[in-house]
Amino acid sequence: MSFPSFHEKWILKKLNTNSIWTADLVALLHGVLASNYHEHDATSCINDTQELLKIFSIHQVERMQNFSYLFCSKNLSVSQSYESFDYYKTSFGEDKMRLISFFDNQQHYFVCEMRRLSINSITYIVSSPETIAIILLDNSILLASVETSAYGLLEIKSMKSTDSYVGHYVVIKGISRDAATVADALGYDNTESFCFILANPGSKEPNQLVSPSLLKRSFESQGTDGDIIFIRKLLNQNLS
Amino acid sequence: MDERSFIEWYGLTQEMEMASCEHPFLHRIIIWLRSSLLSVILLFQQFIASSLCGHDESAATSKEVLIINAHLSKFDQDSANIDEASTWFLRNFHVEQKQNWDCGVACLLYVFQWLLCDNPNSDEYALLNDTKQEELRNVSLWKKKV
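Sequences listed follow chains H and G, in order.
Residue 26 in the working numbering is what sits at position 26 of the first sequence, and the numbering runs on without skipping anything.
Residue 84 in the working numbering is what sits at position 84 of the second sequence, and the numbering runs on without skipping anything.
Calculated from the structure, these hints are not laboratory results.
Among the clues, some could well be false.
With a straight-line Cα cutoff of 25 Å, these simulated SDA-like cross-link-like pairs (lysine to any residue) come out [as the list claims (entries may be wrong)]:
hint, chain 1, residue 1, chain 2, residue 2
1, H, K233, G, L115
2, H, K74, G, L37
3, H, K216, G, I67
4, H, K74, G, I29
5, H, K74, G, I67
6, H, K96, H, G223
7, H, K204, G, L109
Put together the whole structure using the sequences plus the hints.
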């Protein structure tokens with residue numbers, strides 16, 4: 001995927017950390033919603049707003065704010081067990097402080113604790129054309145299927161780990177019930193009637209097709225905490 | 001209780017929950033009441049569904065779907081105005097540290113592009129690569145219902 005570099009720089013500036021947690025992504029999504037460019041006298045947000053306006057036009061910001069989100073997770077706290085994971089190890093102490101602050105203030109964000117979120121429910125929500133989701137998967141499970149498929153190898157940058165669990169964010173764009181498409185899905189086992197369509201930053205394929213059973217195993221792997229952020233376009237608002 | 005009523009009811013209990021944050025005991029009671037009522041409603045819905053349709057696994061009536069849809073539909077942008085928590089959070093990202101490209105960032109970029117790309121004639125649409133444009137044209141891939 002290629003993106004304009006100014007967008008990338010802005011996000012990297014915001015997410016200026018060695019290891020990114022789902023709460024970081026939520027905070028940035030919330031920050032986009034919260035920037036109020038109409039109220040320049042609101043000093044608390046003026047810097048963020050000005051920064052956004054340097055990069056995006058007012059029209060773009062308006063359209064980008066036209067969404068709702070919900071962060072669902074099994075665990076809305078910082079688990080000490082991640083300290084030993086390669087990906088988190090170098091900056092865990094720093095991350096921990098930041099995340100504790102996030103979870104202490106979680107009532108300001110749109111979060112919901114879900115002890116067990118089923119794949120059926122995820123399927124139902126993302127099958128709506130106006131809803132997508134950023135989901136945390138165990139890439140070691142996904143990769144195991146890719147390596148034995150005709151898709152070719154994925155490129156995993158800065159994600160190498162000696163742990164069996166490899167956290168990896170992908171976007172669920174929707175689902176397909178087209179028979180030929182479903183048959184091409186990773187992990188397809190002849191019994192499934194639909195597949196997920198993913199935008200996977202680690203894949204060369206713009207659309208990665210994954211079977212529900214494979215997504216379920218990758219999502220329910222220990223380490224993901226069942227983290228998922230649903231994002232819905234609000235289509236009923238008329239923006240000028 | 002239909003979905004709209006549920007969303008209104010769930011939203012009301014959320015507001016009560018928020019309002020009771022400063023009173024831990026009241027807060028706990030409201031959460032417990034909501035959870036109990038939710039269980040009763042869902043059991044009743046499942047009973048009706050199984051009586052009428054012969055099955056009780058309708059995703060549309062699942063607790064999770066109802067809750068997620070309630071949150072996403074009831075969403076009020078006014079309540080998303082900048083607050084101390086997110087301000088603090090974003091400000092504290094500005095410290096100089098090693099920058100690292102990450103799959104999470106790529107996903108956020110994808111989301112922003114997606115939010116901007118509702119109109120194929122827009123300038124933003126042109127920022128997407130050809131494959132993505134083709135994909136957006138292919139409505140059948142996007143609009144398949146469960």
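Hint-by-hint comparison with the structure:
1. The suggested pairing of K233/H with L115/G holds, with an alpha-carbon distance near 7 Å, which does not exceed 25 Å.
2. Distance restraint check for K74/H and L37/G: the Cα-Cα separation of roughly 22 Å lies within the 25 Å cut-off, and the hinted pair is therefore satisfied.
3. Between the alpha carbons of K216/H and I67/G the distance comes to roughly 20 Å, so the proposed pair stays at or under 25 Å and holds.
4. Our distance criterion of 25 Å between C-alpha atoms is met by K74/H and I29/G, whose separation comes to about 22 Å.
5. Using a Cα cut-off of 25 Å, the hinted pair K74/H and I67/G holds, with the two alpha carbons roughly 15 Å apart.
6. For the proposed pair K96/H and G223/H, the alpha carbon gap of about 16 Å is at most 25 Å, so the pair holds.
7. Only pairs whose Cα atoms come within 25 Å are accepted, and K204/H paired with L109/G is accepted, the gap being roughly 16 Å.
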